[in-house]
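Spelled out, the chains give:
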Amino acid sequence: MLFRKIKGVRIEGNKQMSRCAPLRDYLDPPVVSIPLLQGMSALKPAVEVGANVKIGDIIAYREGFGAMPIHASIAGKVTAIKKVWHASGRMVEAVEIENDHSGALSDSIQPEKNPDGLDKEALIQKMIDAGLSGLGGAGFPTYIKYQTKCPIDTVIINAIECEPYLTCDFLMSIKYPEKLVKGLHYFMKAAGAEKGVIAYKAYNQAVEDAVKPYLERFPGITTFPLKDVYPAGWEKYVTEAVTGKTYPKLPSQVGVIVNNAGTAIAYADMVENNIPLIARNITITGEGITNPQNFYVPFGTKVAELVALCGGYQEGLDPKYAWYIAGGPMTGKAILIDDLVVNDTLGAVIVIPTPKEKLHPECLGCGKCADACPAFLTPTEIKRAYDMKDETAIRNLQADKCIACGLCSYVCPSHIEITDAVVKARDSLKKGA
Amino acid sequence: MARFAGGKAPFLRISDQPNQGTGIIMRDFMIGLAPVILFSWYKNGIQVMIDGNIGFFEMLYPLIFILLGGLMSLIMEGITLYIIHPDSRSLKGVMAKLSTSYPMVPGLLLAMVLPLYTPVWVLIFGCFMGTVVGKMLFGGFGHNIFNPALIGYLTIAVTLTGVINAAGGVFNASEVLVDSYAGATPLTLLSRIKELDYDKLVAPYGTLWNFFLGTIPGALAETGALAILVSYGWLVYRKVIKWFTPLIYVGTVFVLSWFIGIASGEPGIWFPLYSILSGGLMFGAVFMATEPVTTPRNPLGKVVFALFLGVFTVLFRYISTLPEGVATSIVFLNIFTMPIDNWTAVIRARGIKKQTAIKASVFAVLFIALVLYAILKAGSMYTAFIQGPIGIGGWF
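Chains as they are written, first to last, in my numbering: chain A, 1 to 433; chain B, 1001 to 1396.
The set of hints was computed from the structure by calculation and includes no laboratory data. All values derive from a computational prediction rather than experimental measurement. A couple of the hints might just be wrong.
Chain B stretches covered by chain A per the calculated footprint, using a threshold of three residues with CB under 8 Å from any CB of chain A [to be verified]: (1) 1001-1007; (2) 1019-1026; (3) 1075-1087; (4) 1284-1296; (5) 1346-1354.
Every residue, glycine too, gets a C-beta built ideally from N, C-alpha and C.
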């Protein structure tokens, strides 16, 4: 329909900073603090202070929606349950484990004898047992996507990483292409899907080159290059680009499941070796970091250690005039104290100096925000309705469709915090409902 | 542990980059005005001097007149800010405010749509009405409901047209000597003779080619269709305006005029071309109908706005006694910017579904009714064709 094709906006990527450095493993930190928060739900700890745990032992349970266990990411002694800074910008309870450097594995971590013989139920059960949640940034429990009643014909692996600065998914994909393809293969079996697609950004030709040798062994899997626009990594954009279909709420409504590349790689390990979700990839980058790099780290690792491994902050960086961003620069949160731990949704920590203060005029009504919005909302109208506390108007304007991608603020020539206003309007609807 | 700065996502902003932001948009808009200003200077100054009808200093007058409009509006905005705004009681404070409120624009635009021999005090009065009443009293830049330049223009058009005509009006020193013009611009001629006849409407001014180039009598900058198209290209290229708003506006007038022509027994393509090339339509479509503050924000709203502009322009132009419909229709539709924006935002967010069908059909029905009314009414005004044999014309 006219005016309803997601266009996206090309954003300067700034990825070259951390792109060329290889993905480093940092799997043996002295201490980890695993946050007891996933998405919006707090976790219930299952260990006592003083207990000894091995890698892969269950230390907490997620309850209610998306119930599943959470596992220890290193072996050692539980020393405390105390508050740490979390990527959501708040302090949350965390299980602190001191590493004994034994590397002892839990009994459950065993190679699977016949991974290809597993059926749909067994494959989904593995997602639950391993505590698999999406590593893309939303942290949605993966098994819920696969328990859908809709028939699924396509599983799409999202290796797009449309946020600027981020490179860890790209480096994961070219370092573990075999696991990526295998993970997708198991996802397809779990969903009963015929087709699998690995979607990547067109300029990341290396992804296609890396996975190509493995495609022959796994029929039904193809690759798909996408344009370099933001938000090309949004489920809806990927689905529309790959299948040409658009859906109202969930991709499963048109027979599609979208998973992140990192999730697929983790899932391959789960199926073949029963390793639960205990580590993730993370990019430490930005103009404020001396030597930007990507790491593969256990959950709960202190980001400060990673920053030190990158050579620390750039000399002369004044923290008062710099942002410490958890997540991508478009959707992340500014963290005030640089005492952060890695959790399942933290794909990057970016340190950039704040831009120079400018005098900005008022909204001139150019409509660039409405033009850029991938959900076809009109942010100016939503902001006005929010300022007037007009809940009916906010609902009519479909503020709940906002994905907080940040494009409206990005394109605004008058530097208005319009994304913030729309997100607040959206959240006010949720509270009311 | 270090304490970092707070901030809100997204942390990348186009407006933080050098050479980006509202200031640059307004700069590009000013550059977009340049071709039109230069053409108007050429037509009303340089060419007339070459003809030998005025001297060197008079040649500079059109340029000075337009720039004076900008200057006047700047001064008035400064004074108003000084009076009403507590932060602006010093020169520095006023300058800081002015640097982000683009005070030159209304005056420049106003001067460009006035006749050449408008007395300067009339221009100043227009700038006062535009800047102070049309813009500052609504709260300044970004808060005004009506297009400030057009508020100034309409006030002058309603109250002071006689003064302007007495002072010389639209005809520059060369045009006044041309007998065939008979003291009328194409549109005043049309409203005078009420007849669609190529020989009477177009031939006195040469051919339609003259209309396109702009060498016909008219207000300072509104005649040069070619120069306006150059500006249009630049503004679209720099993404200052949306490419479709002027196109839909002018296109609607074109199609409607054609139908009106057919309804009055004049099916030639010259009449729709004459309609879009005469008067301030092109100028209004490119510079006024796209003015961001007073027009809808979302793209669908801009489309609806432009469609209605087209119909109302035709209505005001051919049915009312005023010869010029562009200014009236833009100011009239400025009132409806907010509801149009709101409704189209809802339609755009949902798509045409059960909940939005009513809103969409209100627009559609209104539009079609207005189109039919315009065709029948205007068609019947220019000829006895409808009135006589069919007799519908009398109903309206």
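8 Å C-beta test of the region 1019-1026 of chain B against chain A, three or more residues: Since three or more residues must qualify, the claim that chain A covers the region 1019-1026 of chain B holds, with 6 doing so at under 8 Å.
message: Count the residues of the region 1075-1087 of chain B whose Cβ falls closer than 8 Å to any Cβ of chain A, and tell me whether that reaches three.
response: Answer violated; 0 residues pass the 8 Å Cβ test.
query: Does the region 1284-1296 of chain B contain three or more residues whose Cβ lies closer than 8 Å to a Cβ of chain A?
result: holds (count 5)
message: Just to make sure I understand the rule, a stretch counts as covered if three or more of its residues have a C-beta closer than 8 Å to a C-beta of the chain. Does the region 1346-1354 of chain B meet that for chain A?
response: holds (count 5)
task: Examine the region 1001-1007 of chain B: at least three residues should have C-beta closer than 8 Å to a C-beta of chain A.
output: As far as the region 1001-1007 of chain B goes, the hint holds, because 7 residues have Cβ atoms under 8 Å from chain A.
Figure legend: structure checked against the earlier numbered hints; the only hint not met is number 3.
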